[in-house]
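*Asks:* These are the residues of each chain, in order.
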Amino acid sequence: MLAVEKQCRVYPVLLPESWAEGGEATRRRRRRYPVVSALTIAAFAVLPFIAYVAAVSNAAHIGYQILHLSQDIAALETDHERLQATASSLKAPSRIEQLASSRLGLRSPGARQIAAIHLPRAASEGAAVPGQDVSRPDLDGRQAGFWQRLGAYFTRSEAQAAPAPR
Amino acid sequence: MNRRPPGARSRQSPRPGGADAPQGPSRAPSRRIGVLSVVWITALVLLCIRMIDLQIVRAGPLGRLAARQQFESVRLPGRRGLIVDRAGRPLAVNVDADSVYAVPRAVDAPDAFARAVGGALGLPAREVRARLRRGGPYFAWLARRLLAEGAADRIRALHLGPAVGVAAEARRAYPAGPLAGNVLGFTGTDDAGLAGLELQYDPLLRGTGGVEVADRDAIGRELVQTERIVTSPRDGATLVLTLDEMIQHIAEREIALAARRARARAGLAVVMDPQTGGILAIAVWPSFDPNRYQDAPPQRWKSPAVADVYEPGSTFKLILAAAALDSGAVTLNDRWTDPGKIRINGFTIHDAEPAEHFDSLNLAGIITYSSNVGAAQVATRLGKATMEAYIRRFGFGRPTGIDLPGEAAGLVRPIAEWRGPALQNIAFGQGISVTPIQLLVAVSALATEGLAVRPHVVAVVRDAEGRTISAPADAPRHRVIDAGVAGQVLAMMQNVVREGTGVKAQVEGYAVAGKTGTAQRPGRSGHYEPGAYVASFVGVVPVPAPRLAVLVVIDGPHGAYFGGDVAAPVFREIARQALWYLRVPPEDTTQAASSPVEDLRPPR
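Quick mapping for you: the protein sequence lines, in order, are chains A and B. Using the working numbering, read the first sequence as starting at 167 and increasing by one per residue. Using the working numbering, read the second sequence as starting at 19 and increasing by one per residue.
Calculated directly from the structure, the hints in this document are not laboratory data. Values in this document were obtained by computation on a predicted structure and should not be read as measured data. Glycine included, each C-beta is placed from N, C-alpha and C at the ideal position. It cannot be assumed that every hint is accurate.
[Claimed, not checked] Coverage of chain B stretches by chain A, computed from C-beta distances (three or more under 8 Å per stretch; other residues unrestricted): (1) 190-201; (2) 597-604.
[Unchecked claim] Computed footprint of chain A on chain B; a stretch qualifies when at least three of its residues, placed anywhere within it, have a C-beta under 8 Å from a C-beta of chain A: (3) 110-117; (4) 429-440.
Produce the entire structure from the sequences given, and follow the hints as far as they go.
*Replies:* Here it is in structure tokens:
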């Protein structure tokens, strides 16, 4: 009992107001149910520790989820690399050529089987050439002015509205 | 003692459970509480003693034991950098492959184990036993980076418990197979570059591993929240090559066809951008697949375009012409007689076809008709010192600096060793050894107004984040000869293709300039092998602003052996297809467009 009363003084704010004020009835009640008082105080004292353990447990749980996700990412990256290698091998020119000739009966064009066709200047400027960036074409093959780009911004796309690369 | 007379009433009426309740029953809980307190305090004291024992007295050894169990240091691998072609198509990538290991101490019956595992891996049992012995008692590799599908699953299906395990290891893979195998090279078991670009750029390609420490839970799972990276891993740099997968394929296909058709010992084609020195293709026949480099003899692992030397033959007359004009020793109007053979310092020099003779040839004629006799006379007028100086100026006798391993310097003997007709022989490319890349760079200078480039295979080196960390392609060009002289020699080269020995190199719609070469092949004894030749053709296209410089070398052709017959057609096919691929428009499109189905070659 003495020990309990001492603890009550240590944590006075935690006690209900009526207990803290200490009427005769309260004191009597306290004397009558010492275990309840002790348990209540102990519960309040232990509460932060329980909260801490819960937080740590939650962190560990999230950590396991992160671990699983990391393993999934690693597995997916491995798959991606394998698929990239497979795709590259499937796109190898020798393989495509072999399939084209054996399955489709195609053959390499001769010197006179390919014709160069003169195109209007505007069209030829926009033609795709290996190694050339065609991601930002000009408007209608010409150098676009400010108002045209502004108009394009609202009517077409932002990419077309950007100034053409020099 | 408070004695009370019997029958006396107390001042307050007794109430059960009240303050004046009988003393007997109220003492019992107090006693129990006292006992409980003693027990509790005793237990607490014992716990405190135990805690002091664990936390203070035996703290050191127990701490170390706990750290060993819970704390783990994890090695974070740095991935090897990729190699991609100039369009970003992957040529060398990393894939995970299964490796099989054993714990020899856990193997109960080694013979049965060796038979079972050997069967699953396709290895003889004695080899498995040998590998078990090679490792220590706790670990031995049985097979690294398995290529065979399902081998690891077969091992798992054996259910051999802890005696055998499967681990994933990164393996280098070359998705295009043998394409550019000589250029790319390969890596060894421990991911170290052993040949080609893999060797040359190994320090950049190789990733740096990192170290991470983390705690583990009771069942060995890593506690992510305790992770701490001690050293960050760094992935290797990515090499962006000047090589083009498609042009490389075209060159490899054509050189293989030509070499097989000529029943040659070997074939080589190098395609370069003469303006920048960027190598677009190095095709070698026979080649090898870097995925299975062990299957090929080690001689094939090198890149003969830089590591092998050969006598260039008549293609070297271009150097002679450039030196003669640039030094002023010869003019375009000077003329010589070519009777088919000539005697110099007691030795007879003759043309490739001795029956052929010309009454009067100027320098352009000597080049166009590849006159050895004419070249010998021009060299005589030029003199040894001047000739040697120009040979050195064009870069012969020293490595070009190309970023491939094992580059040879070629063999240019000092003037003191030029005895007999050595000067005249060198004038038409005999008695001097060059690498294919040296000759291509030298001839390219003639097509680019006398400016020589540094050949290179790597355009850009990028770090793992994609930032450019170096650009070997940005090497400056240097002048070798006067621009006017280069133009004059280029015009001679055009004549060679238009009406000389190189007519089979003509590409319809494009102006080609080139030179044929046919050299005798020196044998092991140092003398020329009878009937063994090296046929070659070097050219640029389209003139006057060349996009491609191509050298074709066919070693040891049977039957026709002249460069104009064996190598020039290969040049034509490579140039024609590469120009179309690069969308280089022909000069005369109406000519190309006419009779669109006239040239129907049979399917190969």
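*Asks:* Hints first: check each against the structure and report whether it holds.
*Replies:* Hints, verified against the model:
1. 190-201: holds (count 5)
2. 597-604: holds (count 6)
3. 110-117: n = 4 at 8 Å, threshold three: holds.
4. 429-440: violated (count 0)
Comparing the model with each earlier hint shows a violation of hint 4 alone; every other hint is respected.
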